[in-house]
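Engineer: Each chain is listed here by its residues.
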Amino acid sequence: MKKILELTNVSAGYDQELILTDVNFTVYEQDFIGIIGPNGGGKTTLVKLILGMIKPAAGKIEYFGSRGHNHIGYLPQVSTTDRDFPISVLEVVLSGLMSVKGRGFYSAKEQKLAHEVLEMLGIGLLAKKSIGKLSGGQMQRVYLGRAIIARPQLLILDEPNTFVDNKFEHDLYELLRVLNNEMAILMVSHDVGTITSYIKTIACVNRNLHYHPSNVITQSQLNAYNCPIQLITHGHVPHTVLGIHQHNFPNE
Amino acid sequence: MAMCLTRFWEYINIIFPMNKGIFELLQYDFFTNALWASVLASISCGIAGSYIVARRMVFVSGGITHASFGGIGLAWFLGLNPVLGAAVFSIFTALGIEFFTTRTKIREDSAIGIWWSLGMALGIIFIFITPGYAPNLMSYLFGSILTVSRTDLWLMGGLSALLIFIFLRYYHLILFISFDEAYARSHQAPVSFFKYLLISLVALTIVLNIRVAGIILVISFLTIPPSIANLFTHSMVKVMAGAVAAGLLGSIAGLIVSYYFNIPSGATIIFAFVLMFAIAKVIQRASVHAKMRAQVDALRKAIK
Numbered sequence: 001m002k003k004i005l006e007l008t009n010v011s012a013g014y015d016q017e018l019i020l021t022d023v024n025f026t027v028y029e030q031d032f033i034g035i036i037g038p039n040g041g042g043k044t045t046l047v048k049l050i051l052g053m054i055k056p057a058a059g060k061i062e063y064f065g066s067r068g069h070n071h072i073g074y075l076p077q078v079s080t081t082d083r084d085f086p087i088s089v090l091e092v093v094l095s096g097l098m099s100v101k102g103r104g105f106y107s108a109k110e111q112k113l114a115h116e117v118l119e120m121l122g123i124g125l126l127a128k129k130s131i132g133k134l135s136g137g138q139m140q141r142v143y144l145g146r147a148i149i150a151r152p153q154l155l156i157l158d159e160p161n162t163f164v165d166n167k168f169e170h171d172l173y174e175l176l177r178v179l180n181n182e183m184a185i186l187m188v189s190h191d192v193g194t195i196t197s198y199i200k201t202i203a204c205v206n207r208n209l210h211y212h213p214s215n216v217i218t219q220s221q222l223n224a225y226n227c228p229i230q231l232i233t234h235g236h237v238p239h240t241v242l243g244i245h246q247h248n249f250p251n252e
Numbered sequence: 253m254a255m256c257l258t259r260f261w262e263y264i265n266i267i268f269p270m271n272k273g274i275f276e277l278l279q280y281d282f283f284t285n286a287l288w289a290s291v292l293a294s295i296s297c298g299i300a301g302s303y304i305v306a307r308r309m310v311f312v313s314g315g316i317t318h319a320s321f322g323g324i325g326l327a328w329f330l331g332l333n334p335v336l337g338a339a340v341f342s343i344f345t346a347l348g349i350e351f352f353t354t355r356t357k358i359r360e361d362s363a364i365g366i367w368w369s370l371g372m373a374l375g376i377i378f379i380f381i382t383p384g385y386a387p388n389l390m391s392y393l394f395g396s397i398l399t400v401s402r403t404d405l406w407l408m409g410g411l412s413a414l415l416i417f418i419f420l421r422y423y424h425l426i427l428f429i430s431f432d433e434a435y436a437r438s439h440q441a442p443v444s445f446f447k448y449l450l451i452s453l454v455a456l457t458i459v460l461n462i463r464v465a466g467i468i469l470v471i472s473f474l475t476i477p478p479s480i481a482n483l484f485t486h487s488m489v490k491v492m493a494g495a496v497a498a499g500l501l502g503s504i505a506g507l508i509v510s511y512y513f514n515i516p517s518g519a520t521i522i523f524a525f526v527l528m529f530a531i532a533k534v535i536q537r538a539s540v541h542a543k544m545r546a547q548v549d550a551l552r553k554a555i556k
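Protein chains in written order, with my numbering: chain A, 1 to 252; chain B, 253 to 556.
Hint data in this document are derived by calculation from the structure and do not stem from the laboratory.
Some hints could be false.
Covered stretches of chain B (chain A as the covering partner; in silico rule of three or more C-beta atoms under 8 Å from a C-beta of chain A) [unchecked claim]:
id, stretch
1, 419-425
2, 437-444
3, 459-473
All residues carry an ideal CB built from backbone N, CA and C; glycine is no exception.
Modelling step: build the complete structure from the supplied sequences, incorporating the hints.
Structural biologist: Next up, the structure:
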């Protein structure tokens, strides 16, 4: 399989405090990797490194796509955008193309593509609406549309289920499964139980990164990876049954 | 109250029998200049103002405006053109605020507060240590559209052309960067370059329009017309066009009132804007209610 991205002995952090040390990580075409780990363990730092928003303190990051960083689509966890900003749903989705084009205008073909993406996300009727009129879940779909319109080789989702309603959550994962035929997907999630039936492999991030080449992971494996995450499955969402594990809480 | 009314009636009687019709006024150079100034101010403030309002940069713009007073004072002291002094000061302030808030840990509003008062203080110091009286200081504080010169008009025209060019050419990129800076940065878009470029253009817009509306009031010229347009549309380009139109209407109305009643133009123009905003708000609410009612009626019919 073709490599998309490779991190070699990467360390990084903010203000002289290292958050990630000696991370080795390779993403291949068709990968669907769930990134789990405790809060403050460096999940978001890893995403920022890959996106080129922060520079590694040591080690190197290589991109094998023709477009460098710009072959990555990104769905931020919390968007700092202003919901009163005068912009329509269609314009937000189209703006995903700016990341590749850099300037200029959108052709009729690109506008059509944006409408198709909105249809695919089930929000075709909202195209002309200003973003201020959307719910949190609808907005999340708009951001997903922006991330995928340029057909990236790699799609990074940071906690995509934070604001999503239960119904769309299922649709979202089905959609990601389809998109996965075209692009590798990295999904950061705190909710391991929900994602395991969709992801192919797991990466535990807690200061360093442990790659787990399967979507079934047990508590003891997590303990061995020094990844203090509780494996909890709940709700009616489809999920793989995890290996036998105990719900051992750190303070008990 | 009765006093006010008689006073107002006297004004009307004094002014209109004098028969200074609008068309007669157009014979005067100063009045045609003032009209041109209104048009150009509406264009530059409409475009730059829409950007300011969309990005919630009104306070930054206020800081730049007031800091430019330091430039006016310095230029006055050195015997240079005050507009030049204000331009240099305001651009440095704009870049300074942008730089300090992105590169250091100083909070943006604190940085603005510092620049704002520093500029005003410097302005006052320079003007007071300059020997002689400062006669047209008031025109910088409150604006005087009737004394706009040909040179001012050329500068304002150049600025309007530049703004139109940049916002047309890079409209979608500016939208991409302004809407979600973090996302644009994650895709290596030239975020910083455009932020510095646009804030400099905002600073220039402010300085060249100080002539028209004055330091104290120019911020309203930048914010009220886009706010009026924003009531009716949520598309950036339409907000810009609407702001230019609202600017034209309000500034020409204000200009005429200013001329007849001999009140500083800045004040009458801003007053016209606020009045227009109030009327627009009423119309917008009424239309929203009418639409909602129509929907309810349609639903009721469907049920029957």
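Engineer: All the hints need checking, so say for each whether the structure fits it.
Structural biologist: Verification of the supplied hints:
For a cut-off of 8 Å, the count of residues in the stretch 419-425 of chain B with a CB near a CB of chain A stands at 5, and the three-residue condition holds. Given a C-beta distance limit of less than 8 Å, the hint that chain A covers the stretch 437-444 of chain B holds, as 5 residues qualify and 3 suffice. Here the stretch 459-473 of chain B counts 0 residues with a CB under 8 Å from a CB of chain A, which misses the bar of 3, and the coverage is violated.
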